[in-house]
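Q: Respectively, the protein sequence lines represent chains C, A, Z and G. Take the first sequence: its letter number 148 is residue 148 in this note's numbering, and every next letter is one higher. Take the second sequence: its letter number 11 is residue 11 in this note's numbering, and every next letter is one higher. Take the third sequence: its letter number 176 is residue 176 in this note's numbering, and every next letter is one higher. Take the fourth sequence: its letter number 253 is residue 253 in this note's numbering, and every next letter is one higher.
Please keep in mind that the hints were generated in silico from the structure rather than gathered at the bench. Worth double-checking, as some hints may not be accurate.
The list treats identical chains as interchangeable, and a pair is accepted whether it falls inside one copy or across any two copies.
Below, simulated DSS-like cross-link-like pairs (lysine-lysine); rule was C-alpha separation at most 27 Å, straight line [to be verified]: (1) Lys30 <-> Lys140; (2) Lys41 <-> Lys274; (3) Lys44 <-> Lys274; (4) Lys44 <-> Lys115; (5) Lys30 <-> Lys278; (6) Lys189 <-> Lys41; (7) Lys44 <-> Lys189; (8) Lys278 <-> Lys44; (9) Lys278 <-> Lys41; (10) Lys117 <-> Lys44; (11) Lys274 <-> Lys251; (12) Lys251 <-> Lys30.
4 protein chains.
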Amino acid sequence: MIKAGIIGATGYAGAELVRLLLGHREVEIKWYGSRSYIDEKYAKVYGNMFQLVEEACLGDNLQELAGQVDVIFTATPQGFLAGALTEEILEHAKVVDLSADYRLKDVKVYEEWYKIKHQSPQFLEEAVYGLCEVNRDKVKHARLVANPGCYTTCSILTAYPLAKEGLIDVNTLIVDAKSGTSGAGRGAKLPNLFCEVNENMKAYGVASHRHTPEIEEQLGYAAGETVTINFTPHLVPMNRGILATEYASLKKIKQADGTYAYPSYEQVRAAYDKYYQKEYFIRVLDQGVYPETKWVEGSNFVDIGFQIDGRTGRIILMGAIDNLVKGAAGQAVQNMNLLFGFPEQEGLRLVPMFP
Amino acid sequence: MIKAGIIGATGYAGAELVRLLLGHREVEIKWYGSRSYIDEKYAKVYGNMFQLVEEACLGDNLQELAGQVDVIFTATPQGFLAGALTEEILEHAKVVDLSADYRLKDVKVYEEWYKIKHQSPQFLEEAVYGLCEVNRDKVKHARLVANPGCYTTCSILTAYPLAKEGLIDVNTLIVDAKSGTSGAGRGAKLPNLFCEVNENMKAYGVASHRHTPEIEEQLGYAAGETVTINFTPHLVPMNRGILATEYASLKKIKQADGTYAYPSYEQVRAAYDKYYQKEYFIRVLDQGVYPETKWVEGSNFVDIGFQIDGRTGRIILMGAIDNLVKGAAGQAVQNMNLLFGFPEQEGLRLVPMFP
Amino acid sequence: MIKAGIIGATGYAGAELVRLLLGHREVEIKWYGSRSYIDEKYAKVYGNMFQLVEEACLGDNLQELAGQVDVIFTATPQGFLAGALTEEILEHAKVVDLSADYRLKDVKVYEEWYKIKHQSPQFLEEAVYGLCEVNRDKVKHARLVANPGCYTTCSILTAYPLAKEGLIDVNTLIVDAKSGTSGAGRGAKLPNLFCEVNENMKAYGVASHRHTPEIEEQLGYAAGETVTINFTPHLVPMNRGILATEYASLKKIKQADGTYAYPSYEQVRAAYDKYYQKEYFIRVLDQGVYPETKWVEGSNFVDIGFQIDGRTGRIILMGAIDNLVKGAAGQAVQNMNLLFGFPEQEGLRLVPMFP
Amino acid sequence: MIKAGIIGATGYAGAELVRLLLGHREVEIKWYGSRSYIDEKYAKVYGNMFQLVEEACLGDNLQELAGQVDVIFTATPQGFLAGALTEEILEHAKVVDLSADYRLKDVKVYEEWYKIKHQSPQFLEEAVYGLCEVNRDKVKHARLVANPGCYTTCSILTAYPLAKEGLIDVNTLIVDAKSGTSGAGRGAKLPNLFCEVNENMKAYGVASHRHTPEIEEQLGYAAGETVTINFTPHLVPMNRGILATEYASLKKIKQADGTYAYPSYEQVRAAYDKYYQKEYFIRVLDQGVYPETKWVEGSNFVDIGFQIDGRTGRIILMGAIDNLVKGAAGQAVQNMNLLFGFPEQEGLRLVPMFP
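Bound-form chain C, shown alone:
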């Protein structure tokens, strides 16, 4: 039984962490950190936790927290952890950071896209990008895990095997992503009001969203080349769920008879199976079936489908996740499981809720 602390426990991602950790057999939450609600009962902030969490909220003193727990989750605004992390903290507790502070290896890219100065670039190299299915072994030995973004988790995992196997021209990749509104956080902002979001759909952050370089960096590692893509997020009137629809030109590959041709359904499928067949949390759907966000709601699954379009020589990939689970808290728990040698699925055998 290990002890965990959460900084940012009253945001939506933090609250989802609480939900998941309450069902985890190896962890006890010792610290519900929330700068805005210090001393208030956590269950007052989240009525669903009534009689399940009796604790009050504590502050965000990382130093103090590190002395009391084995693992710290930071579900905090960009820049918070970079400004607070020290070697001493990392000596006491492992850290899983749900913010973007240690996701990008190149500090200049971080500062350009996030418009803030990075306060502790010295930890960038040791930080492990916590996309478990790709970096599992590295995560196991890390002290500091950079938990991937919600859009990025979905976008990368959906395209990864094809980038890795050279079946697509990665620089033609266009990711058109749609997210439920919990991704916008629990801040009391006018654009997130019910009446503004409901019965409405819009794009935002077009050609400028901060998850873009994260996708490019990771797919670049997979493809072995520099990658530049288009990524367009959209806001959807639903609570949870991300659907990424991705477009890329297929590369002609050498066939059995020596000629070059676009890969067949079976060849694409084989690429997915090569990387994902043993992955519990990634479900590559049957031919002709496309993912629906509801099929993964409340769970840690990534559902993937695809369709080859012979007319245009492109392939359309579709991936779906629950942005708060595999896109945030669930993946953070999965990383914790790897860090501490727990079974990877512990606390995450969640059956998606439908309807």
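Got chain C; can you put chains A, Z and G on it based on the hints?
A: Here is chains A, Z and G on its own, set in the frame of chain C:
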């Protein structure tokens, strides 16, 4: 480890049973019954179950099923079980019926409200009304459990302690209930289309809904008198959740000083605590807090709040449940746990999902 | 062609006023008042108005505004108009107030329920309560119209003929009302965020909502007696619409044969027809049809249905409006039409939008 | 005052036609055709029309209808009009067809994508594709107008000026479109149930949707070359609205200094202005503003925004319409206005409803 069969596994209540039983450590589902989808893979009908359920659907042959399992759940239309149940079946397997066939003790009341002839009234007497918090001991020894309706579970539990303790005049009770649309089932009917329900609210079954006599019968037992009430259900544009707002005139009770007066907040609260303090699944909220359906979503909880109105001498009670869990599948599992001596919360320690 | 000014033009009710007045043939909007957005283009605040409104927002100087227009609409917080209104303003322009400042005749009741001191009680007597179908003649000659609240418009009009004709015991009246979220306004508050409201339902302001005394006062005039009722508002995950479900005990009335009996369907219907048959905006539905909020969306209609319950001696009334139209801006325009002698339906012949 | 008949008046597009025509000063609806509801009162099928439409539904006898009206709208399944249209009908009445029967000039393309045989290809040549802003003059003199599809209207108008002016490589065009659920029609089908659509998002018809060839044909005319594109529709949990996000590679164009470079914001904007500046129904938004479906809800507007991505050399175009208005009934009325010489905006000066 016991074996379970579900008839009506492809309706919403049946699917929720599957979701819950997959997380139950003492049960294995052996029979996914669905007349409409025989031989189709269950996961084709519910995409969320992909790779979690590999079985195909079977028919609704109760006789055959009874020979293979320890418990049968029937999530079927009214009249199905009454037309199929036999002594032989009950000798082989315990039955938890999610339909209304054995909920009302008086066959005439059943036939009047349901407009169908009851085919096996001989089992009415032995059937136990499976409102666990009220009839726990009877359920433990039953063969046939009549799982309460969704509206009724919420309406009864919200008012039960006050009826039992004589704090309200039960014949003034008015239940104004609001339900998510999953309560209407998965039938492809025009009024349940997205565009008809979304951005819309309406009452239905006014003064004629079938859950009325069920509430009356049970509150009658509690109050020790015949009860006639008003019950009005409403359709709400959300998937899950029932909120029951209940109104009743308070009775003046004898106070410490010998005078008669309306009960105070503390006196009402004491009545609730008397019956519910030890109940894990019933959460009586703090003073001034009213239930929200989202606080119980996906869980087996019943949340209850109340407000005394001195101006009118009435009390307003509010109860919330997830109609598919405590209002159907969750309560069915709770009944199963009682029937087989499992811990009552096994498979039901579900943390409500928010948002 | 008259000139109009709106104070509070960037709230939801103010914006709906703009929408309606743009379609009105006798009015030109001269002043888009909004303290928060002074000098910003109105169409920047409401993107739907792009190229339809070119003006920028102005402040809330009533004095100055009164010199430039014929009619002023105030869609402002409680207390604003009471603190700013002067005899001089009323000499220059007619005022239709969408706040509660002049709705209650008894200043003590106002101060008790609204918890603020009334700054200009001297205008209370002359203010006319602008429920057009009830006070049409008085409105025509007014200078100051108190536009009724959204819940109250719906609640009162639904019960009015029965109160007036003595068919119900008004002191048994219970109003259980459900409102779309636009009723909560455009303030950036956490409880109104999409993820808090969506897939959720709750009661609020139980036994303490400020519309209660307004309903009691007006139904008191109709019934000719002091009235005390229960009123419970609920928040529904939809943008627009109010549904009021009302319960009251029927009074036995003298029948043709001299005996006393509960009124029949026809007798209740006759009461409605007596007051509403010629009212364009009130639609009493056919027998057995209950209102749906979507049937009135975007329009100025009030839809009413009812059901007699012989078992309990009660009648269930149901009324539906669009809270932003008949519950706010539409009724304000209707009042303006009466004030200036325009056809009462001018600008309001809106066909409800479905779906 | 002309007379109109609608075949398919009880579908969502037909009902929207009724809503719009009731507000049109030059038209009277004489025939509410609906095979499924013959002899039933129209207002029984659409409760919002209570007291606004007193007529009962009639059948779909085009021959008979043509003798009684000046214009016929067919909002019918594919193949219906093609199987029923005759020279005689066209001699009596003008026809605006909301189905796809006469949208594609090449009968083979029609039969390939729609999988049905075309019964009257002889009318294909004379049929005018009723995209008013592009084909205004042709429509004025037509007898038979093929009203464009909802996705196509939005997709084409958003890209048209850039295709026409050669600013993009049209064969790189990818259209990722998102639609409200009313686009799926009023058929009682399981996938359109509230609980299946709500809180869910999915792609469908990937690389096979029937609107693809329609977009290709029209953009091909604009670009002066054969065009092959990717088009992916998605279902969104909202009633109305289409958002099309379109991606295309920019072409380098000759600049003032003789060099070739990607077009600037101003150059792209100039292309839009060239074609749309005088168009009332097309609103090209300010720089940095992207369309939201809610800003056009209930109106005939098309809102367009765009963003150049210098990193990838692509441009992202975004267009929004109300699928039932500009995407169906509104455009049909606009076509009727052109056919009969009415002001083009008559009946269509609808202010978008927000929220």
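Q: Compare the structure with each hint and give your call.
A: The hints, checked one at a time:
Taking the shortest alpha-carbon separations for Lys30 and Lys140, only the intra-copy value of 23 Å comes in at or below 27 Å, while the best inter-copy value is 38 Å. For the homomeric pair Lys41 and Lys274, the shortest alpha-carbon distance between copies (25 Å) is at most 27 Å, but the shortest distance inside one copy (48 Å) is not. In this homomeric assembly, Lys44 and Lys274 come within 27 Å of each other (Cα to Cα) only across copies, at 24 Å, whereas the closest approach inside a single copy is 47 Å. Taking identical chains as interchangeable, the C-alpha atoms of Lys44 and Lys115 lie at most 27 Å apart only when they sit on different chains, with a minimum of 26 Å there against 35 Å within one chain.
Only between protomers do Lys30 and Lys278 lie at most 27 Å apart by alpha-carbon distance; the minimum there is 26 Å, versus 34 Å within a single protomer. Taking the closest pair of Cα atoms, Lys189 and Lys41 come within 27 Å of each other both inside a single copy (24 Å) and across two copies (20 Å). In this assembly of identical chains, Lys44 and Lys189 lie within 27 Å of each other by CA distance both inside one copy and across copies; the values are 21 Å within and 16 Å between. For the homomeric pair Lys278 and Lys44, the shortest alpha-carbon distance between copies (21 Å) is at most 27 Å, but the shortest distance inside one copy (42 Å) is not.
Taking identical chains as interchangeable, the C-alpha atoms of Lys278 and Lys41 lie at most 27 Å apart only when they sit on different chains, with a minimum of 22 Å there against 42 Å within one chain. For a Cα distance limit of 27 Å, the shortest separation of Lys117 from Lys44 qualifies neither inside one copy, at 36 Å, nor across copies, at 32 Å. Proximity of Lys274 to Lys251 under the C-alpha cut-off of 27 Å is restricted to the intra-copy arrangement: shortest distance 18 Å within a copy versus 39 Å between copies. For the homomeric pair Lys251 and Lys30, neither the shortest alpha-carbon distance inside one copy (52 Å) nor that between copies (46 Å) is at most 27 Å.
In this structure, the hints that do not hold are numbers 10, 12, in rising order.
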